[in-house]
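One-letter residues, chain by chain:
There are 2 protein chains.
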Amino acid sequence: MAKRGRRRGGGHAANVVRHSASAIMQMDWRIPYNIDEPTEPLDEEGVHRIHSAGLEVMEDIGIEFLNDEALAIFRKAGCRVEGTNVRLDRHFVMEMIARSPSEFTITPRNPARKVIVGGRHMLFGNVSSPPNTYDMDNGKQVGTRHWFRNFMKLTQYFNCIHLACGYPVEPVDIHPSIRHLECLYDKLTLCDKVVHAYSLGSERVEDVIEMVRLAGGLSDAEFDRSPRLYTNINSTSPLKHDRPMIDGAMRLARRGQAVFVSPFTLAGAMAPVTIPGAVVLSLAEGLAAIALLQYISPGAPCVFGTFTSNVDLRSGAPAFGTPEYVRATQIAGQMCRYYGLPLRASNACAANVPDGQAMWESVNSLWSAVQGGVNVVYHSAGWLEGGLIASPEKFLMDCEVLQQFQRYLDRTIVNTDAGGLAVDAIREVGPRGHYFGATHTKERYTTAFYEPFLSDWQNFEAFENSGGMWTARRANDLYKKILAEYEPPPFDSECHERLRDFVERRKRQGGAPTDF
Amino acid sequence: MAKRGRRRGGGHAANVVRHSASAIMQMDWRIPYNIDEPTEPLDEEGVHRIHSAGLEVMEDIGIEFLNDEALAIFRKAGCRVEGTNVRLDRHFVMEMIARSPSEFTITPRNPARKVIVGGRHMLFGNVSSPPNTYDMDNGKQVGTRHWFRNFMKLTQYFNCIHLACGYPVEPVDIHPSIRHLECLYDKLTLCDKVVHAYSLGSERVEDVIEMVRLAGGLSDAEFDRSPRLYTNINSTSPLKHDRPMIDGAMRLARRGQAVFVSPFTLAGAMAPVTIPGAVVLSLAEGLAAIALLQYISPGAPCVFGTFTSNVDLRSGAPAFGTPEYVRATQIAGQMCRYYGLPLRASNACAANVPDGQAMWESVNSLWSAVQGGVNVVYHSAGWLEGGLIASPEKFLMDCEVLQQFQRYLDRTIVNTDAGGLAVDAIREVGPRGHYFGATHTKERYTTAFYEPFLSDWQNFEAFENSGGMWTARRANDLYKKILAEYEPPPFDSECHERLRDFVERRKRQGGAPTDF
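Protein chains in written order, with my numbering: chain D, 1 to 516; chain Y, 1001 to 1516.
Hints listed in this document are in silico derivations from the structure and should not be mistaken for laboratory results.
A couple of the hints might just be wrong.
[Unchecked claim] Below 30 Å or equal to it, Euclidean Cα-Cα: the simulated DSBU-like pairs (lysine-lysine) are:
#1 Y:Lys1442 x Y:Lys1140
#2 Y:Lys1240 x D:Lys442
#3 Y:Lys1442 x D:Lys240
#4 D:Lys480 x D:Lys140
#5 D:Lys76 x D:Lys240
#6 D:Lys114 x D:Lys480
Pulled out of the complex, with its shape left as it was, chain D reads as follows:
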């Protein structure tokens, strides 16, 4: 609750910092470290069976690559190429996958926002790519630059968000030829966190690479030395990689930049109706692409993305955060640990509005990320309608939950030293006192518990007296206060100028072709 947050000032909350003039108190920026052992539904035999099945798909059935350059490379590498079908020998695949690092960093223009991808680290990125917005004042609307910028401000504002993933909403009021220029300009000026390049045509990818390099004040050599941005590509399941996605992935890999490969495998639609089967297909598609990238750029930083869920078999509607989705994510985690690859998943839901269903689906998705040992959680904040809507209310509701997950992973909660066990405090308070005033409590007053910015823990009468606002309504109120207070991060003026010049020049040149 905003009002309460303001009243509370003075730093009493656990792991919370007070921004100057801020609408809320929020947790510090941190790279969460997953201290939990993963939940593993498969035994060793099950992992081996999925692994073998994936190899069989790559070897016997083959993957389609609708990209001539990739086909030529596969041919050169000794793979069996027939038309667009590529069959990858299991030894080749495993040799290539072994080259992929299990952990790497990405450094944005502000080095303090560097992130670690892989190991036990967890990163959270904003919602990406919905064509529409939904907010409680306006309902569903087609995406605009105005909303794009609002979401980028929220992305920058919340410390629990580490990555500015794809466009938080597609700004269809910007012409597609220059959209990437305007959008990346907005992203790089409104935000100083890691950004992403869509692999939607070589010109766009090259423009974005150049913009990230200029924003960071880097020479080409400096840029190529370590990851500064990433792209995320989806296969066209079943069994297919399209031209522009693979083109972009290869461009980034060759420059030492990060590539996430995320097959979108809805069980029962473009993937088998069984969850292990959908994961097999997903792995075959993903590993084939990663093998290609490792062949052309050994050691290129790659991430496998799981996007396996199920559909409603009667309507074909996608579902997310379901029991099947949770198991798919956990299994993908087992397989990625087997391969030594970082894993990406999502905070996904099918709900249309920021209500109870939205939150049970999202929280299930987020738990599966923790349980699956997921390293990067896409769409962490703001996603609705299976990814067709970005919502500011949902963005805040998700951030409240993300903060709780980040606090959950704080090992201090389970510290069993003498202070943690508190036997002396139990003795001091005895059977007739209470702990509010105990020394043991006072010593831990500012750090003991997670403190929410949106949850309302008042009793019903106080809740009613303060307006009786349901969660989404409170979020609606609060996101506007946050936007009103937003301040852009510092940006080196020379870098900013070079970036602006580049954008202006490319716009004058007409941007990128739109007929790909």
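Once you've looked at the hints, dock chain Y against the given chain D.
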């Protein structure tokens, strides 16, 4: 969605049965079996440290028992009793706890609703004991028999609910002297699942024991042979057990009935501000009571209940489903496995209305139950406002989520046999087809995926066209349809008559004293 559920009839859904004339399709009755390895935040050393601290509290600080009979028993057992303070030697405690079974059954009047408590089994019970109701038509109201009966009907209706726990709402329009008679009569006639006796005075407990015996058509000897009901007692933290609770617990234990001992330890209020410390206090209180019960009735079926959460340190308001709550439940699970005791927890939240916050807090609580290896989840459906409100909308929203958890624990989802791996299907469909029409899909059409009764997976436009109802509104619509269709379970007429006669006789006698 009710409408969609109705249209869908014909048994296409996974693990779903169609009731005659039912508003929804729901999953069959089942006793879920937790196939996941628990999440364990503590290492062996941490478990040992909490164990030792708990013993130290019992041995050096002692627990207050405000019950003369219990004090006499402890004295006889060789414990050091000073006034109401009892110090329990660690060897005595461990010897007594070792007598407690790690698994047992409770059989209600309908033997088909027998439940297994302990091991890897999970049971879910309805909301218990709120003094108020909240529904979207009437807002918050003081509890009535009308609403008590409505909740009992929902408890009976949903197969995912195994236990009729305490009163789902306190019916304050029934005089306290006869409330237990009227309430248990309603429970035993409207529902055929396991019921519970409040330990609020010996007459009440004895009445309820007798009613459960009569409803089951059992002789005293038959009744005493195995658990037929249970009680749940709370300590008065810190370090205290009150007279009536201990009295009721001993009465049930002596008749071989089940006792749940659930210290209510809010960290920072009646328990230490650290989570391990609050668990230490909780264990000391709980184990001391279980030791007493095992001394008077060796092998009595006992359950340890964790009710450790945190408060808002500024307002003192309790919070649930928080990061600290989740860790407390996981730690309690580790300790209960160490002691070989079944564990009870809750589906708790602090939210006042059935909104997004209610669901993120509840879903966190439920995940902690799965991760903690919890055996009995109290308040599984319908709880709001930290237990001060029972809500029919929340009841349905929770049941939707409970069904998903029960489906999640179904091992078939992760089956990696040849059919599960689906390589033949991947070959059949190839790179250009889809899986809707594949043989592999058709063979699994009715069982592949969880099918919801309340979630709306339509796209936004279809959602808007069907009324644009947020989840709580859909639940409001649907619970009325369910109540309209409710039919009481069969009840042997002789048993029913004996039960009715008993209730009438005891009411004529004035019921139970109300001045305890």
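Evaluation of the provided hints:
no.: 1; hint: Y:Lys1442 x Y:Lys1140; result: violated, 48 Å
no.: 2; hint: Y:Lys1240 x D:Lys442; result: holds, 24 Å
no.: 3; hint: Y:Lys1442 x D:Lys240; result: holds, 24 Å
no.: 4; hint: D:Lys480 x D:Lys140; result: holds, 18 Å
no.: 5; hint: D:Lys76 x D:Lys240; result: holds, 20 Å
no.: 6; hint: D:Lys114 x D:Lys480; result: holds, 28 Å
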